[in-house]
Amino acid sequence: MSKLLVKPQAPDAEGRIHEVTPETAGWEHVGFAVHKLVAGQNLSRKTGDREHCLVLLSGKVSASVGGEDFGVIGGRTSPFEPDPWSLYVPAGSNWSVTAQGPCELAICSAPGKAGARPARVIAPADVGALTRGEGSNTRHVRNILPETESADGLLVVEVITPSGCWSSYPPHKHDQDNLPAESLLEETYYHRLNPPQGFGFQRVYTDDRSLDETMAFSDGDVVLVPRGYHPVGAPHGYELYYLNVMAGPKRIWKFHNDPAHEWMLKV
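Under the UniProt record's numbering, the letters of the sequence shown match residues 1 to 267, in that order.
A hint or two may mislead.
Simulated crosslink set (SDA-like; lysine to any residue; CA at most 25 Å straight-line) [what the hints assert, rightly or not]: (1) K254 - P231; (2) K266 - N94; (3) K254 - E28; (4) K254 - S96; (5) K3 - G26; (6) K254 - S150; (7) K113 - V141; (8) K3 - W263; (9) K250 - R120; (10) K46 - K3; (11) K7 - S62; (12) K3 - G15; (13) K250 - K60; (14) K113 - D69; (15) K266 - W166; (16) K113 - K7; (17) K60 - P195; (18) K113 - P82; (19) K113 - K60; (20) K60 - S150; (21) K7 - K250; (22) K7 - T148; (23) K250 - L211; (24) K266 - F199; (25) K46 - P111.
Just so you know, the hints here were simulated from the structure itself, not pulled from any lab data.
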């Protein structure tokens, strides 16, 4: 199996099914974890030298940061529903959540600076939604933490790709610190499928093909994108959700399309 494809594990005592760290991924910036909590279960963390963005994939939690009560956030029953709720937590802080019923929580992280900005709830009204592409290249984007919103390094977005459509397409990459043309960003994809017995495809490849892997992923899998182009396909009959986490030395998203396929943008 590809080292870029990470399968979920059985929930541990903290409900954790995924934990990607810079050390396990072999890179420097992005961290990602998923916890499936049961009603009343508490989860807490110290952020240390990293900032966190907690994304409620489903369910509700009561949340506090550094002793400040943020009340109950969340509400959707599935990531395929709209209106995501999230909580931004700066570096040098601590947070605690308690599940108000079954809950799936993603923890996105990147290096941060303590005291740089306050914790805040990212409510559905704060999330910019748009549709990109057309025909079989249609996808629906929800910008949870885009570069226009305050953070040190994190970029967080979730995408719904309809049945039979492609996403992150035409193939693009962001693996060169070459601004203003291109930025260097590591990236994770957390994939969910509806109905869940489905599958999807993702290819990760570089111009020189020193990296060229095509993976069939299942519901709940994570795909790591350390470099290269990374298109995604959703087979007919299966709706695809993915949560993207990106971070790099500069908090700017500038991508470069594969020249071999860029022609379709000019038709």
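These are the hints, each one checked on the structure:
Pair hint K254 plus P231 holds up; C-alpha atoms about 16 Å apart against a cutoff of 25 Å. Between K266 and N94 the alpha-carbon distance is near 48 Å, which puts this suggested pair outside the 25 Å criterion. Between the alpha carbons of K254 and E28 the distance comes to roughly 19 Å, so the proposed pair stays at or under 25 Å and holds. A distance of roughly 34 Å separates the Cα atoms of K254 and S96; the hinted pair therefore is violated under the 25 Å criterion.
Restraint check for K3 and G26: satisfied, since their Cα atoms lie roughly 11 Å apart, inside the 25 Å limit. Between K254 and S150 the alpha-carbon distance is near 18 Å, which keeps this suggested pair within the 25 Å criterion. With a CA separation close to 28 Å, the supplied pair K113 and V141 exceeds the 25 Å bound. Among the hinted pairs, K3 with W263 is inconsistent with the structure: their alpha-carbon atoms are about 32 Å apart, more than 25 Å.
A distance of roughly 22 Å separates the Cα atoms of K250 and R120; the hinted pair therefore holds under the 25 Å criterion. The hinted pair formed by K46 and K3 fails the criterion: a straight-line CA distance of about 29 Å is larger than 25 Å. A distance of roughly 29 Å separates the Cα atoms of K7 and S62; the hinted pair therefore is violated under the 25 Å criterion. A C-alpha spacing of about 23 Å is found between K3 and G15, which places the hinted pair at or below 25 Å, so the restraint holds.
The straight-line distance between the Cα atoms of K250 and K60 is roughly 33 Å, outside the 25 Å bound, and the hint therefore fails. This hinted pair checks out: K113 and D69 have alpha carbons roughly 22 Å apart, not beyond 25 Å. A hinted pair counts as satisfied when its Cα atoms are at most 25 Å apart, and K266 with W166 qualifies at roughly 18 Å. The suggested pairing of K113 with K7 is violated, with an alpha-carbon distance near 31 Å, which exceeds 25 Å.
Distance check on the hinted pair: K60 and P195 sit about 22 Å apart at the alpha-carbon level, within 25 Å; holds. Under the criterion of a C-alpha separation no larger than 25 Å, the hint pairing K113 with P82 is inconsistent with the structure, at around 31 Å. With a CA separation close to 28 Å, the supplied pair K113 and K60 exceeds the 25 Å bound. This hinted pair checks out: K60 and S150 have alpha carbons roughly 24 Å apart, not beyond 25 Å.
The straight-line distance between the Cα atoms of K7 and K250 is roughly 29 Å, outside the 25 Å bound, and the hint therefore fails. Under the criterion of a C-alpha separation no larger than 25 Å, the hint pairing K7 with T148 is inconsistent with the structure, at around 32 Å. Pair hint K250 plus L211 holds up; C-alpha atoms about 24 Å apart against a cutoff of 25 Å. Under the criterion of a C-alpha separation no larger than 25 Å, the hint pairing K266 with F199 is inconsistent with the structure, at around 31 Å.
Pair hint K46 plus P111 holds up; C-alpha atoms about 13 Å apart against a cutoff of 25 Å.
In this structure, the hints that do not hold are numbers 2, 4, 7, 8, 10, 11, 13, 16, 18, 19, 21, 22 and 24, in rising order.
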